[in-house]
Amino acid sequence: MDDLDLATLYSGVADYYAKRVRRFGSTPLGVDWSCIASQELRFVQIMKVCDFTVPLALNDVGCGYGALVGYLLKRHAEADIDYLGIDLVKSMQCRASQLWRAQPWASFTTADCIPRTADYCVASGIFNVKLQQSIQHWEHFVAVTLADMHRASRKGFAVNFMLENSNSSYNNSCDALYKARPDKWIRHCEREFGSSVILVEGYGQPEFTLLVQRQAANC
Amino acid sequence: MGGFLPDINVAGLLEQLNLRFGPNEAICEMLALHKEFDLFSKKHSLEHSFALLNLGPANHWVHRRGWYKYLNSLKNCPSDKAGQSAHDRILSVLRSHLGKGKPIPIHFTSHDSNKKMSVKVSSSPKQALPYSTQEFLVISLPMTPIEKNRAKRRAKSK
Numbered sequence: 001m002d003d004l005d006l007a008t009l010y011s012g013v014a015d016y017y018a019k020r021v022r023r024f025g026s027t028p029l030g031v032d033w034s035c036i037a038s039q040e041l042r043f044v045q046i047m048k049v050c051d052f053t054v055p056l057a058l059n060d061v062g063c064g065y066g067a068l069v070g071y072l073l074k075r076h077a078e079a080d081i082d083y084l085g086i087d088l089v090k091s092m093q094c095r096a097s098q099l100w101r102a103q104p105w106a107s108f109t110t111a112d113c114i115p116r117t118a119d120y121c122v123a124s125g126i127f128n129v130k131l132q133q134s135i136q137h138w139e140h141f142v143a144v145t146l147a148d149m150h151r152a153s154r155k156g157f158a159v160n161f162m163l164e165n166s167n168s169s170y171n172n173s174c175d176a177l178y179k180a181r182p183d184k185w186i187r188h189c190e191r192e193f194g195s196s197v198i199l200v201e202g203y204g205q206p207e208f209t210l211l212v213q214r215q216a217a218n219c
Numbered sequence: 220m221g222g223f224l225p226d227i228n229v230a231g232l233l234e235q236l237n238l239r240f241g242p243n244e245a246i247c248e249m250l251a252l253h254k255e256f257d258l259f260s261k262k263h264s265l266e267h268s269f270a271l272l273n274l275g276p277a278n279h280w281v282h283r284r285g286w287y288k289y290l291n292s293l294k295n296c297p298s299d300k301a302g303q304s305a306h307d308r309i310l311s312v313l314r315s316h317l318g319k320g321k322p323i324p325i326h327f328t329s330h331d332s333n334k335k336m337s338v339k340v341s342s343s344p345k346q347a348l349p350y351s352t353q354e355f356l357v358i359s360l361p362m363t364p365i366e367k368n369r370a371k372r373r374a375k376s377k
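So the protein sequences, as listed, match chains A and B.
Just so we're aligned: the first sequence equals residues 1 to 219 in the working numbering.
Just so we're aligned: the second sequence equals residues 220 to 377 in the working numbering.
It should be emphasised that the hints constitute simulated quantities derived from the structure, not laboratory data.
Possibly wrong hints are sitting among the right ones.
[What the hints assert, rightly or not] Once the Cα atoms are required to be at most 35 Å apart in a straight line, the calculated DSBU-like pairs of lysine-lysine come out as:
1. A:Lys184 x A:Lys155
2. B:Lys254 x A:Lys184
3. B:Lys262 x B:Lys294
4. B:Lys254 x A:Lys155
5. B:Lys288 x B:Lys254
6. B:Lys300 x B:Lys288
7. B:Lys339 x A:Lys48
8. B:Lys345 x B:Lys300
9. A:Lys184 x B:Lys345
10. B:Lys345 x B:Lys254
11. B:Lys288 x B:Lys321
12. A:Lys48 x A:Lys155
13. A:Lys74 x B:Lys345
14. B:Lys288 x A:Lys74
15. B:Lys254 x B:Lys300
16. B:Lys335 x A:Lys74
17. A:Lys184 x B:Lys321
18. A:Lys48 x B:Lys319
19. A:Lys90 x A:Lys48
20. A:Lys19 x B:Lys288
21. A:Lys74 x B:Lys319
22. A:Lys179 x B:Lys254
23. A:Lys48 x B:Lys262
24. B:Lys334 x A:Lys74
25. A:Lys48 x B:Lys261
26. B:Lys294 x B:Lys319
27. B:Lys294 x A:Lys179
28. B:Lys335 x B:Lys300
29. A:Lys74 x A:Lys48
30. B:Lys319 x B:Lys335
31. B:Lys319 x B:Lys339
32. A:Lys19 x B:Lys254
Isolated chain B, as found in the complex:
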């Protein structure tokens, strides 16, 4: 994952996000938390908001720091909205989505940043899971395979 944390941890992180923003009680809890604490306001960074929600590797501080570095790296990453970074786009989408009365759950996924550098947000509800009819707002995070990053770093250093 771009050298921020081991690839094997990414699925677990996405699962954490999908459980906490998932259907029924999960999205209701997130709605209540955002309403009470303004979790995704402009005054918070994504790192801060996710730390408050304990969304990240819980038992490994190096990995946790790597996750936060990744979230902060999204500040330098474009989004599907002109002039808005991936970091700000995610916060603004979460803010506006949870500002609705009854938001649908959110599904987090990933895509290869070499194919599309920006964060992607679905423009309409999607059935993100082949085994479910549940509709989600889909947020896809750009991720870089670590080997390619290393190759780039090597190439740059030469």
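Isolated chain A (complex conformation):
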């Protein structure tokens, strides 16, 4: 799969989410989550990668309208965070910038790769909706994105995946979903990045979260 194929994939994904947010606005449905509560339950898991006791820079990959900012304000109001939200969709960036304009520590950009190195990168839900992409193409995109997150993280990154064999028809708005087994991507992160991986699962969602931490020698 070459860069042109990835550009087509990004374009398809951007188009899909641009339509979602145009229809549903800056709401969980606008980024294809069923509700605020389930969206934030995922944030609870992915933010376990961060140490909030020290100042931190955070890249939020596929930030949408910046829902994570709202979560951080509620759950980690005392933390010193330098937040950058990155999304493929320009209209998402515009909505996020407008919505969180009163938060000087949060900024947003449109890009298909991560433009700065931070302590942590997190991504929630960006690997779930593969649309018409083949598994092979989508997994190439996943691998490229994980490599980008690893490159742009000084301390670690966190991502989530839908669990293979799950049967969550009650909250899927799209049939074209990518589901995976944890061991596949755990092995990938250990092998490709030499990172230690913590698996988080059993939190009431048909999915799992990987907390990928750099080994001390890799910092």
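Could you slot chain B onto chain A? The hints should help.
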């Protein structure tokens, strides 16, 4: 539905509730959400809790407001527990049910408020669906046919 939203939307709303509180992964998700965010605590109203879960008409704001008005109207509606409103009864049932280790799913249904004004909660697990052996906690919401409400309003205004 008592003039709060069109009758045709009620089945869809009950279906939403039954999907989100349904068997297996659905009730597990609800359990996890309640555990993490204390969704059905006393500090939340039913409107607030259901809004967090996006339980309501998603595409029509007038209907969504009507649904929330209906939920708030339950504060003035009795329940099967003396001294507790329908609104507080539902919250307290959800809170205690999801406080259990492995709760059974919840089935929401409705009944004619002219026959019984209060919200009804099953005292023991029930097979609520004729095509399923699954047992549920059943919560039945009182609903008023809109024509009767209009008739009452007309009668009052005379």
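Hint by hint, here is what the structure shows:
| no. | hint | verdict |
| --- | --- | --- |
| 1 | A:Lys184 x A:Lys155 | holds, 22 Å |
| 2 | B:Lys254 x A:Lys184 | holds, 30 Å |
| 3 | B:Lys262 x B:Lys294 | holds, 14 Å |
| 4 | B:Lys254 x A:Lys155 | holds, 29 Å |
| 5 | B:Lys288 x B:Lys254 | holds, 27 Å |
| 6 | B:Lys300 x B:Lys288 | holds, 22 Å |
| 7 | B:Lys339 x A:Lys48 | violated, 41 Å |
| 8 | B:Lys345 x B:Lys300 | holds, 19 Å |
| 9 | A:Lys184 x B:Lys345 | violated, 42 Å |
| 10 | B:Lys345 x B:Lys254 | holds, 25 Å |
| 11 | B:Lys288 x B:Lys321 | holds, 32 Å |
| 12 | A:Lys48 x A:Lys155 | holds, 12 Å |
| 13 | A:Lys74 x B:Lys345 | violated, 39 Å |
| 14 | B:Lys288 x A:Lys74 | holds, 27 Å |
| 15 | B:Lys254 x B:Lys300 | holds, 25 Å |
| 16 | B:Lys335 x A:Lys74 | violated, 42 Å |
| 17 | A:Lys184 x B:Lys321 | holds, 30 Å |
| 18 | A:Lys48 x B:Lys319 | holds, 26 Å |
| 19 | A:Lys90 x A:Lys48 | holds, 28 Å |
| 20 | A:Lys19 x B:Lys288 | holds, 30 Å |
| 21 | A:Lys74 x B:Lys319 | holds, 27 Å |
| 22 | A:Lys179 x B:Lys254 | holds, 26 Å |
| 23 | A:Lys48 x B:Lys262 | holds, 27 Å |
| 24 | B:Lys334 x A:Lys74 | violated, 44 Å |
| 25 | A:Lys48 x B:Lys261 | holds, 28 Å |
| 26 | B:Lys294 x B:Lys319 | holds, 25 Å |
| 27 | B:Lys294 x A:Lys179 | violated, 43 Å |
| 28 | B:Lys335 x B:Lys300 | holds, 13 Å |
| 29 | A:Lys74 x A:Lys48 | holds, 15 Å |
| 30 | B:Lys319 x B:Lys335 | holds, 29 Å |
| 31 | B:Lys319 x B:Lys339 | holds, 20 Å |
| 32 | A:Lys19 x B:Lys254 | holds, 33 Å |
In summary, the structure is inconsistent with hints 7, 9, 13, 16, 24 and 27 from the numbered list given earlier, while agreeing with the others.
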